[in-house]
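Could you put the whole structure together from the sequences, leaning on the hints where they help?
Residues per chain, in single letters:
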Amino acid sequence: MSDLTSSLPETSRRPVPSLHRIPGYALWCKADWVLRIALVVGMILVLLTIAAPLISPFDPNDQSLISRLRPPLGFERYKAGFFLGTDELGRDILSRCIYGLRLTFALALAGAVIGLLIGGTLGLLAGLVGGVFEDFVMGAVDAQIAIPFTLIALLILAIFGSSLEIMVLVLGVYGWEQHARIVRGEVRKLTGMPFIEAARAAGAGPVRIALRHILPNVVSPLVVQFTLNFSNIVILESTLSFLGLGVQPPTATLGSMVGIGRDYLPTAPWIVVAPAMMILLLTFAVQILGDWLRDHADVRLRSR
Amino acid sequence: MKKLLATTALVSMLASGAFAAELTVGAANVSSYLDPGRDHSNVGSQFYYNAFDTLIDRNHDTTETEWVPALATEWKLLDPTTMELKLREGVKFHNGEDMTADDVVFSLNRMYQATFTPYQVRARDRLGNFEKAEKVDDYTVRIYAKRAEPLWETLLNLQQVMIIPEEYTKALAGDPKVAEDDDYEAFSLKPVGTGPYKVADFVPGERVVWERFDGFWGEKAPLDKVTVKHMPETASRLTALKTGEADIITNIAPDQLSLIENDPEMKAEGSATALFHVMIMNVNHPVLKDPRIRQALSLSIDRDALNEALWLGKAEVPSTHTLKEFGQLYQPELTTFEYNPEKAKELLKEAGYDGTEITFDTAPSYYTNGLLAAQAIMEMWAEVGIKGKVNVGDKWTGNSPDLMVRNWSNPMYFADPFGCFGVMWAPNGPSESEGRFNTDEDYAKIWEKFRFSGDIELRRAAYAELMERIKQDPPVLPLYRPYESWAMKTNVNWAPKPGHIPYVLDFRAGSISFN
Amino acid sequence: MLSYVLRTLLKMAVTLFIIVTLVFFATRLSGNPVDFVIGEGITQEDRQLLIAYYGLDGSIATQYRKFIASILTGEFGLSFLERRPVADIAAERIWPSLKLLLSTAIFTFALSIPLGIAAAVYRTRFIGSAIMVIAFMGYAVPPFVIATLLVLIFAYTLNWLPVVGDGTALHFIMPTLAMSGMFVAALTRFTRNAMLDVLGQDYMRTARAKGLPERTVILKHGLRNASITILSVVGLQIAGWIAAGSVVIESIFSWPGIGDLLVRSAIMRDYPVLQFGVLMVAVAVICINAAVDIAYAYADPRIRLAKG
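One line per chain: the protein sequences are A, B and C, in this order. Everything in the first sequence is counted per the working numbering, starting at 8 for the first residue and increasing by one. Everything in the second sequence is counted per the working numbering, starting at 113 for the first residue and increasing by one. Everything in the third sequence is counted per the working numbering, starting at 283 for the first residue and increasing by one.
It is possible that part of the hints are untrue.
[Said to hold, decoys possible] To be clear about the criterion: a stretch of chain B counts as covered by chain A if any three or more of its residues have a C-beta under 8 Å from a C-beta of chain A, and this derived list gives those stretches:
1) 366-374
2) 475-489
3) 554-564
To be clear, the hints were calculated from the coordinates, so they are not data collected in a lab. On a predicted model such as this, the values are computed, not experimentally measured, just so you know. No residue lacks a Cβ here, since even glycine has one placed at the ideal position from N, Cα and C.
Right, here's the structure in full:
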């Protein structure tokens, strides 16, 4: 947002229109229609996630054996109050979708953050320490890139069981190698530069160098990578839950709802369609935003 | 699209001629090996009856016990521990070999005197009383038991003692004159029997193809060829039936029945399977040591509600561990299990239940509706104040000391209470040996009478005593006989026969026809 | 150049070794396959017999030694579930997976290149954005969702397409569509970006100035230059995409492929199959990446012409 209130002497005296004070408004103006839709969808989903306990009509695990497999509003046998229908144990689909969304969001966020922390730290250390340690880390990065992660995740969960802790761990390991690469690349690039030499000569410790010089430069690509990883983790989590290896019943995630619902596809398709649509919207919003970030963050970097 | 239409047209044309028909079955599970001796799984039992015979067969059109000569034409007891059987002449194996007493002795002794681990494991729980089989002449065989056996015919009718060819098997690997482990391993991939169909193609886990065997000793098979294809997804099986990729599909849960009933081109045939889905409890777990707690776990489950909700009321909820297929040993008058939530609450209070979480282990999809039932049971427990938690996993936890409660099945391996309750709950049987069930001298004495009495009344009385013990110190609760269906095109006339063990896909003469 | 190749091969071998060892220990630490393969309803005595039967009765060190020996001699043992050589089982399943991969690749390229070019050329118009949005859908919607919806519509409701196995050409349609979703999206975007980069280049203006028709300009000059970038990126990503999609697709369509085999053997703890399967996939992936690495190195004259 510094563009608008940039410090060119001539314009700094002009009063800033009040609307532009709202963060994001400028973004909105510049955005094309696709991005706008993505922003709106994104905001709605975040709202649902945060306000889940208030918005959700029922407890997601409330069973009602006599109201099993009821269709959504507008169909025969609809049961009042269960707007999107009920599942195989009579639980409300809408409530389960909302809480499922929440759990998916939480897991993806946790995973993406852990990946960022692990990758960023390892990349930083690799770049600063160098030598065998760096070779080792980059070798691990190569190995991780080489092997399809879904397969690894799947094997780990199948072998060690699918508790929530293991899920978070597995999701956390996803994508660390991208972060590591970015940070180490940046460190490598900068270590040769004169001003780093100068800072070192002046007695600055590695931590200070890291924080003051390296970090500002990596924030942008890291954020972009973070967003991309986030959306990939959402898909990964739903895929694992779909296969029955992710979060276990009765807890609902969007992926597991689609997975369990597929037995009922011919008889009760709403069990699948509702969470599937939600996955679609979530990943759509995050992908579009992430992509936009990537395109624009690069430009920013370049124009410095 | 056109190809599908053409195929369907062709099949219907062929189908109208009863002896020129082909059939495709979409099965939820296909075996990884085909050897009747080593197998007692529900998956395997689908496949053996069409290709193999036993010495004595049963009339499968009724649940009454009616023995029928198969590979043996007559049999008599020479003394209480020896039976002599005359073998049918002119029986050929699928590979052209003639069946003689050598083959019978080979097939039986590989189980009675097993050295191959998978046979040993299978024989232990039901063939323990048989010492050996001996050839008297080419068409006469004697079987020796260790003590008087009240269930001769039943135990000679078992899938595990179906007859296989000796020369063929021995020649499969290594020394053709010696039966080695490798021979048996190889047999299970290329099985040969005496049945009306031969196994023309077998891809483990994927496909079984039967073709009519013209040298069959009995009534010719009605179908030319049957292909059983693995279709693990329910939705896929239903779609395959719709598109014509399959003529019959297996393992249809009641939830899908309405779909089939509403479709004029499909119909369903089902029955209450001869097995129980049960809930087992670890009597040795510190939290569950007090039998009153386990009684409460049992009394708080409304099995009729489960039946209504999950099985549309078509499952059968038993009052005791008994099946009507047992004939004279069917004892529905006993009340060992019931629903009484008030009593459950009282018992919990008496026993001083402190709210410790009780875990219920279950596999995700091994038992139809198993996971659903587990979740529903948690709710029922919650209503009497029991804190429960479902623990989903594919691993069998029945032998773990940490096991508290889990689901299981007690199939009817053969039509006698010994073949159902007996196999699993015998002294030193699987349950006791896994450490979750205890028996004592008293139990063993009652067991003796139940297992080996020649007198039906004595056996009934002994079984009633066993059930009373199970009621006082519960290790198990039979939930219901699940109702499972096969769906098929309306022009196919086939239904599972009542006299079979569960899941048999019987395509012998008289079992199937087309409109 | 030679030393580069050797180093790459060495890295390959080490990575493979680590992966296989990890799988070996991970699987054994997590539970005995006897409890998964046969498990219920046997006495403890019999359980011990079965453990010996499967060769699981030595110490872990002994088993590991036997395992390494088996890899080196090529005797990978019998599957626990199926009692026949794992190499046979895996071989049966590799071909269907490859076929599906091939049809996905063909479909993806056939669709994405034109779309990507169009999106680049028409980037300022509605159609440009629309193509990108649709491409996004393919990436955003997980393959299992696409597959499930396809089955619901085309198989169950319309009865147009078959849903089990890989018998006829018709069988390929839905699995290919489901698998291609994310590839189409990504490839369309790469193509578009590569084309955008290229479109602004000077040689393009020269070509236009020469009077060549626009189509020739774009296709002949633009695409040819962009394709190097496209292929290089795609080459590295393919392995990851395969695994992500194939496991799920194979299980939904009962497709007898290697992904489905891996999942089942992991769940059922069929160690020999699992170990061999992972080894095979790892080898394939690493080979592809190594090949790409070497190709790059060859293309880079600094490395190619280096001494030694």
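Can you name, in rising order, the numbers of the hints this structure does not satisfy?
The structure breaks only hint 3.
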